[in-house]
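Participant: Order-wise, the sequence lines are chains A and B. Residue numbering for the first sequence follows this note's numbering, starting at 1 and increasing by one per position. Residue numbering for the second sequence follows this note's numbering, starting at 1001 and increasing by one per position.
Because the hints were derived from the structure by calculation, they are not lab data. Among the clues, some could well be false.
Cβ pair distances, simulated, as ranges [stated by the list, open to error]:
#, chain 1, residue 1, chain 2, residue 2, range
1, B, V1091, A, A94, 30 to 40 Å
2, A, R14, B, R1161, 31 to 41 Å
3, B, N1183, A, L215, 35 to 45 Å
4, A, G15, B, H1051, 50 to 60 Å
5, A, A194, B, G1030, 19 to 29 Å
6, B, A1104, A, D192, 16 to 26 Å
7, B, R1101, A, E86, 19 to 29 Å
8, B, G1096, A, A79, 21 to 31 Å
9, A, A200, B, I1093, 25 to 35 Å
Where a beta carbon is used, it is the ideal one built from N, C-alpha and C, also for glycine.
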Amino acid sequence: MTRTFLGMPATAPRGVGHLREGEPFPAAARRALGDPQLRRNLGHATTTIRAKSGRVIGELPDWQQLRDAGSALKADTMARLPELLEQLESAVTAAGGTVHWAADATEANRIVTGLVRATGEQRVTKVKSMATQEIGLNEALAAAGIEPVETDLAELIVQLGADRPSHILVPAIHRNRAEIREIFLRAMPGVDPALSDEPAALAGAARAYLRETFLRTKVAVSGANFAVAETGTLAVVESEGNGRMCLTLPETLITVMGIEKVVPSWRDLEVFLQLLPRASTGERMNPYTSMWTGVTPGDGPQQVHLVLLDNGRSAVLADEVGRQALHCIRCSACLNVCPVYERTGGHAYGSVYPGPIGAVLSPQLTGVADNASLPYASSLCGACFDACPVKIDIPSILVHLRGRAPHPRAEAAAMAAAAYVMDRPRLYAAAQRAARLGRLTGRRGRGLPPPLSGWAASRDVPEPPPATFREWWARR
Amino acid sequence: MTSRDVILGRIREALRGYPAAGAVPRDYRGSDDEPADMDLLAGRLADYRAHVHRTATIGIAATIARILGDGRVVVAPPGLPLAWLPSRVEVLIDDGLPDERIAAADAVVTAAAVAVAETGTIVLDASADQGRRVLSLLPDLHVCVLRPEQVVPRVPQAIARLDPRRPLTWISGPSATSDIELNRVEGVHGPRNLHVIIAEDGS
Ligand code: SF4
């Protein structure tokens, strides 16, 4: 009995971490819609990144073949997850690293806090990691008297501003330069009071502030984009060099990684290193990618830890439709093409995982009841599916999750989610153009706009109409 | 029961009835031996704001002298050919230099393991002519000397050549951020200036 119980896939526990909506999506979205700066910044960011990404993807004659390979590799990984994790563990251990297993956020926080305590240090540098945001590691460290310093520029802005990230790739996109200057003047120790709000000056201030911290801090916590089971190699993909600092300078490196990030073989990185930068930042390659395998004597951290995190992932894996959400490589392309995200921003999704991927991942990690309105935070237009470098069929998962949501509340949530769109004439018009609504109601002009079409979907389960979306997008 | 057992047990339970893994289609352009296009590499490096210099091997030292300008103190990994360095500079050969001294140097000169033409990427693998990872990280100017036989056309050939047991740093242009209103700013933490010298003899 006990054994069966322990072996059952489990969702992420309540009361720890950042996976649950504080308020239902419609309420949060309505507030976001009232913030013109947020909408302007998001519109600019998503449009710019989409265009860049489209250009560099267009340069590759084999983009679709790379997507097919990426998608199949992830499916293969999930099918063999237990053996691959065991293989990863032995490879990392053989290379001088130590592997820890964390069943949930609470356990992961306890492991990391314990490892930092054992070093006697009171401060850690951190490089952007969604997993550690998910588990609320910073709060846990602070409670243990350990100061976590976010080193990614945007994360630093968010941390110093006592704020929350609003985008996976550019988490501080809701802030403009004048606000960032104010935050730095208020919260950055030793900052020059004459600091201007030029982006280069602001970046320079962060460089100066963090340089000393990097050189003096003996423990770092990172995430990982990929972990190769065959070789035990971990990879972090980044732009600024703060990742390299965290991965190179400290004596102790602790990497916290979701169990789904493992890839079978070294060779598989030839696929993901082509997919990720082009889909994410719209670069042929991001400025820096670091790869390390356990400990290299005389070079970099000599104490290397890897914490493998479940925290609800096994429950996602148990759902045969929803499990493909675990294929996500966190590129954020689905955010950048999503008309709902573009209008509401990341905060409206409550969880650390925003946008279309958040709408399918968060409710599965927590159990649908705890994020019941998120599966409705979408118009099912299909753009996310088309944009996803590993071909995750997000619309189908959304429809599936709507079917699993507790019904009366779900319908209420859908109606409320729709209301914010109905309130806004321009958006309403766009929504009417967006979908071939006659399909739902039979008469032009009287159709249900998204997300009301989503409300209908909870009953009729229509096919997502990607072609319509593309036409609409092209005309905008 | 350890957490390891719990997690692996949960996953096995979750996978009951999971379809067996199918073959992975690898119809993308693979790692066949193809000549790399030096002009493409130079263009792609420059696209990401690396400065590119093409010279014969004999011209490396003079090229580095020009790049350094007034810079005097240069960090070098232990296996770097000293003939590459101009005679007037003070060379700090890394024998375990403290981080502060590396950070205070004007520049670092390294070789590379592999370069990828299509993406404008150089890869360092911490061999003796590239040194510890920290060397190419702390100085504000990184000069990297490439030989043509190190250049491959695309990412798959680079993966095939590299040894994952070595620490690897893939570098595509100088450190950059777009975190403030999406404006690209070069140089947050890594070197703000990246110069790549392609040393080609004959042809
Ligand atoms: S779901 Fe796909 S598009 Fe969205 S972040 Fe993940 S990998 Fe990128």
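Participant: Hint by hint, note whether the structure agrees.
Facilitator: Structure-based check of each hint:
no., hint, verdict
1, B:V1091 to A:A94: 30 to 40 Å, "holds (37 Å)"
2, A:R14 to B:R1161: 31 to 41 Å, "violated (49 Å)"
3, B:N1183 to A:L215: 35 to 45 Å, "violated (27 Å)"
4, A:G15 to B:H1051: 50 to 60 Å, "holds (53 Å)"
5, A:A194 to B:G1030: 19 to 29 Å, "violated (55 Å)"
6, B:A1104 to A:D192: 16 to 26 Å, "holds (21 Å)"
7, B:R1101 to A:E86: 19 to 29 Å, "violated (43 Å)"
8, B:G1096 to A:A79: 21 to 31 Å, "violated (46 Å)"
9, A:A200 to B:I1093: 25 to 35 Å, "holds (34 Å)"
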